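Protein chains in written order, with my numbering: chain L, -18 to 268; chain C, -18 to 268; chain P, -18 to 268; chain W, -18 to 268.
Keep in mind the hints are simulated off the structure, nothing from the lab. Don't take each hint at face value.
Copies of the same chain are indistinguishable here, so a pair counts whether it falls within one copy or spans any two.
To be verified - Under the rule of at most 25 Å between Cα atoms (straight-line distance), these lysine to any residue pairs were calculated in the SDA-like manner:
id : residue 1 : residue 2
1  : Lys189    : Asn225
2  : Lys96     : Asp249
3  : Lys228    : Phe45
4  : Lys228    : Ser216
5  : Lys189    : Gln(-7)
6  : Lys(-15)  : Val203
7  : Lys174    : Thr246
8  : Lys228    : Asn123
9  : Lys111    : Gln232
10 : Lys228    : Gln10
11 : Lys111    : Thr(-4)
12 : Lys228    : Phe18
These numbers were taken from a predicted model, which means no experiment stands behind them.
Each chain, letter by letter, is given below.
There are 4 protein chains.
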Amino acid sequence: MNLKEFNNLPLQDATTELEKCCVSKCWAQHMLENMPFASADELVQKTADIWYQQCRELDWQAAFEGHPKIGDITSLKEKFSNTKNWATNEQSNITEADDAVLKALAKANDDYLNKFGYIFIVSASGKSAKEMLSIINARIKNNKEDELHVAMGEQHKITVIRLVKLIDDVSTADLRSHITTHVLDTTTGIPGKGLQISLNELTDSVWKPITAGITNNDGRIVDLLPPGKNLKAGSYQLLFNTANYYKEQQQEGFYPEVSIQFIVTNHDHYHVPLLLNPYGYTTYRGS
Amino acid sequence: MNLKEFNNLPLQDATTELEKCCVSKCWAQHMLENMPFASADELVQKTADIWYQQCRELDWQAAFEGHPKIGDITSLKEKFSNTKNWATNEQSNITEADDAVLKALAKANDDYLNKFGYIFIVSASGKSAKEMLSIINARIKNNKEDELHVAMGEQHKITVIRLVKLIDDVSTADLRSHITTHVLDTTTGIPGKGLQISLNELTDSVWKPITAGITNNDGRIVDLLPPGKNLKAGSYQLLFNTANYYKEQQQEGFYPEVSIQFIVTNHDHYHVPLLLNPYGYTTYRGS
Amino acid sequence: MNLKEFNNLPLQDATTELEKCCVSKCWAQHMLENMPFASADELVQKTADIWYQQCRELDWQAAFEGHPKIGDITSLKEKFSNTKNWATNEQSNITEADDAVLKALAKANDDYLNKFGYIFIVSASGKSAKEMLSIINARIKNNKEDELHVAMGEQHKITVIRLVKLIDDVSTADLRSHITTHVLDTTTGIPGKGLQISLNELTDSVWKPITAGITNNDGRIVDLLPPGKNLKAGSYQLLFNTANYYKEQQQEGFYPEVSIQFIVTNHDHYHVPLLLNPYGYTTYRGS
Amino acid sequence: MNLKEFNNLPLQDATTELEKCCVSKCWAQHMLENMPFASADELVQKTADIWYQQCRELDWQAAFEGHPKIGDITSLKEKFSNTKNWATNEQSNITEADDAVLKALAKANDDYLNKFGYIFIVSASGKSAKEMLSIINARIKNNKEDELHVAMGEQHKITVIRLVKLIDDVSTADLRSHITTHVLDTTTGIPGKGLQISLNELTDSVWKPITAGITNNDGRIVDLLPPGKNLKAGSYQLLFNTANYYKEQQQEGFYPEVSIQFIVTNHDHYHVPLLLNPYGYTTYRGS
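Bound-form chain L, shown alone (with noise of 0.2 Å):
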């Protein structure tokens, strides 16, 4: 299906189209209401604005009952037959993880869902078991007026990968996070691997987790904010676990963990690389 298409859907089945992509009624509900788009830029930032400014802690929850557990593969087949077979390919490397890992991540999707009240939600394209792990250990020590922002932030990243998915024409390839970073291992000589890392917000003089993620095999994490979410005017902070990053090499570091604060002015793309090594570090405004 094309944009073209999907525009001209009957109401029932742009809807029925729309919950595939996220249960959330106010979403869906807001979506139609502003069809037909003028073209695929318009449908995504809509699917943002909408998520971000009309849409509130309800109806986050909502959208996130429509999720199966991640990791509970029985649950997944018997649940959400819509969404099946897109849920189980963005959740499919969790099978190659090993067994330690799975019980885990299963236990700390309990813990998760005993802590907030809602299953943990985060955009699994590409995550193996081990850093989704990784991502729950890390989200699981926010306070719950601040890991509702981070879930939501998650559900609107599958929101728009299962759009994406859905109308062929449209396409994040050119949206890049407005925020990026890079870690470079100049010990090595290579990109910093599995590094646990997290955006904070500066909110009244508080840093304000806005997500999480784990770097790469490039060093880089593709997703840290959805694609066509900018980020207002404010400082902001990227805080790297180093701490976590030595130890599974079995080495000493000098920094349990490093903080970089910087500020936003503007919707220009902002690259904030580290170059990293157990004695030193070196951070820069890249391009």
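For this one, chain L is given, so just place chains C, P and W on it according to the hints.
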């Protein structure tokens, strides 16, 4: 007077001399009990041990009462005749500052007294009024508990300076601050001068301030920590107020602050420099 | 024309098309002998292999004769009718440059011809007259033997560009330069533009030039090495003309040049960036 | 003997004392002509001025003849009775080195003598045999003209050390080397020890060696340049032999050497440090 002569002073005279250095009776009493001191190093070490480990909140506040209000020349002349000459010297740089800074400093002193209930204590040696203003503006943001620890650390620096003046063969020349830093501005090629820096300690997952200072013309803070005072093993943070630094230069910078977290494991000297430019910085463990 | 059609051309037509790309008979002859090409990659690889390994000095110089003198619009129009359209496009940026630069470039072209006996060959795509002037000024300092190798490398870049234009399904989009660099000016926070860079190779303990270029608006030189050309294992040097860079900005710098020597061991991609400020710089192996 | 007593020595005695410091008649004669020296600083300055500006190749080589061959204990004992004690001390670190190094050093001394026609002169204070071996291996690659200048600079360092020993109130404690460096290995967090460094000068577009040394345990070379010797304005190069550094550690590195070119404009102190790791490095103008 040398150490031998000091050790041999009659009790009454020894008490008088010690109270010229610090009016806390707790500290003076424990010092007297430890006399004679076998060496200058032992005297400096005991000074720190007693102050940090045997004195308590009320003792620290009692010591604060022994100081003239910084910048208040009138009260200085009237109130504390026995330490007058020293205190005048220690504050002599103030007189060269311009009126606006002095008025702002006087106002800040009042605000500080109102908030914390005691006067602003700072080891003023070599500091201009502008530098002291910068320090008080940073410290006034602390909560009561934190600031008390910062103030007592400053009291300790003052006590040691006075002991060095009092006893000819006591010197702290070989006692570097346990942690030092050095700011190089690699855009100008000269040291980063007038940069406000805080040193914080991780306590129960919260960064607590230990001390605050301003870099001198060589980009350093010579007395960041009191001579002879070693930090316990743990995580520490140097926080550089780069927003103010670039604002004073009417230049734009990418970093509202630079924070460097690092691990202290022993009594070795820790040198944590910062190579700063508006859109990039480097830190490393120096020597 | 696609590759299949190209492979099926009658001998005479194939010869004509190849000579539009490079007039060297040695190169064209060997290419014909290697037809048909199984894939676009094979065609690009053979193009390099033949040029670098089977052609010799006289062949390279013969190829140079096939070009209009850069910037000499008149000779361009008269002399080489079959490559006219392409050459015009490749040199189209010159027309926008101001007269002074054009005159200096014409003068440099003459000087170059006088010194080396053949016209100045440069892959001009995307380069302004000012950038070409900067490149010719750097290359004119080379000795005859060295410059011949630089010029033939440029000829090869041009040949490949023309092959890509000629055959629709030949692309070099996936063939990054074996060595790339990227200059970030961390004083301004933007890429270092217009910086003249040479790439040199250690041969018998002497640094021999391989190529020279100018960074674009993104601080990069996209075609530093020809696509598909891999350097042999050895020591290489990137030499950045920082004196000129800062002179153009009417700024003082500490470094008259920055030279980075590094070891190439295989066909992996080598990214060697420079984070530059007037009194400091950082380099690392990137990815 | 203090400076006043030295100034008042009878001509014959003054000559004898000066020749204990340096056997060049040219230098001693000019020194005598400049007596009395108004201050220690003047004496040190004249020592350099005469040596660098008034003495010539034959004078420098004459001075070399006054030294025992380094490491050749036998000739040391027999030949130069008047400087014996000092020379023994200056070379005392050799005795601790192991035999293999001593043999290699003796061999290198022979090779050096064969190539240059005079013995290897090096200011040996504080240097181990291994360090001297590293230095001679670097210097033996110089051409005759260049090495003569390096050797005469070493002679000058030795002369100054001896003057300081001879005259009680002459000191070079306040005379830092005009150029200093400092290597920090940010992979290990400790200074880069045993790194061979050359200092070169740009003369007629060629880098000419001025001196060579080895970093000590603190990553520094204290006597890179002779005390009181200021370089003239120009371009200089510090060349770090990182290939050997990483080879000794049986580690792979990306940089066969690190070379830093910088501009000296006046007599200010120039500190040019290197923060080194296997796949990245940083340099800056320090203070």
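Hints versus structure:
1. For the identical chains of this complex, Lys189 and Asn225 are neighbours both inside a copy (21 Å) and across copies (23 Å), given an alpha-carbon limit of 25 Å.
2. Taking the shortest alpha-carbon separations for Lys96 and Asp249, neither the intra-copy value of 37 Å nor the inter-copy value of 43 Å comes in at or below 25 Å.
3. When the C-alpha separation of Lys228 and Phe45 is checked against a cutoff of 25 Å, the pair qualifies neither within a copy, at 34 Å, nor between copies, at 45 Å.
4. In this homomeric assembly, Lys228 and Ser216 come within 25 Å of each other (Cα to Cα) only across copies, at 16 Å, whereas the closest approach inside a single copy is 30 Å.
5. For a Cα distance limit of 25 Å, the shortest separation of Lys189 from Gln(-7) qualifies neither inside one copy, at 39 Å, nor across copies, at 58 Å.
6. Taking CA atoms no more than 25 Å apart as the test, Lys(-15) paired with Val203 passes in neither setting, with 29 Å inside one copy and 38 Å between copies.
7. For the identical chains of this complex, Lys174 and Thr246 are inter-copy neighbours only, at 23 Å across copies versus 29 Å inside a copy, given an alpha-carbon limit of 25 Å.
8. For a Cα distance limit of 25 Å, the shortest separation of Lys228 from Asn123 inside one copy, 23 Å, qualifies, whereas the shortest one across copies, 34 Å, does not.
9. For the homomeric pair Lys111 and Gln232, the shortest alpha-carbon distance inside one copy (20 Å) is at most 25 Å, but the shortest distance between copies (31 Å) is not.
10. Taking the closest pair of Cα atoms, Lys228 and Gln10 never come within 25 Å of each other, the shortest separation being 48 Å inside a single copy and 48 Å across copies.
11. Taking identical chains as interchangeable, the C-alpha atoms of Lys111 and Thr(-4) are never at most 25 Å apart, the minima being 36 Å within one chain and 58 Å between chains.
12. Taking the closest pair of Cα atoms, Lys228 and Phe18 never come within 25 Å of each other, the shortest separation being 49 Å inside a single copy and 45 Å across copies.
Checked against the numbered hints above, the structure breaks hints 2, 3, 5, 6, 10, 11, 12 and satisfies the rest.
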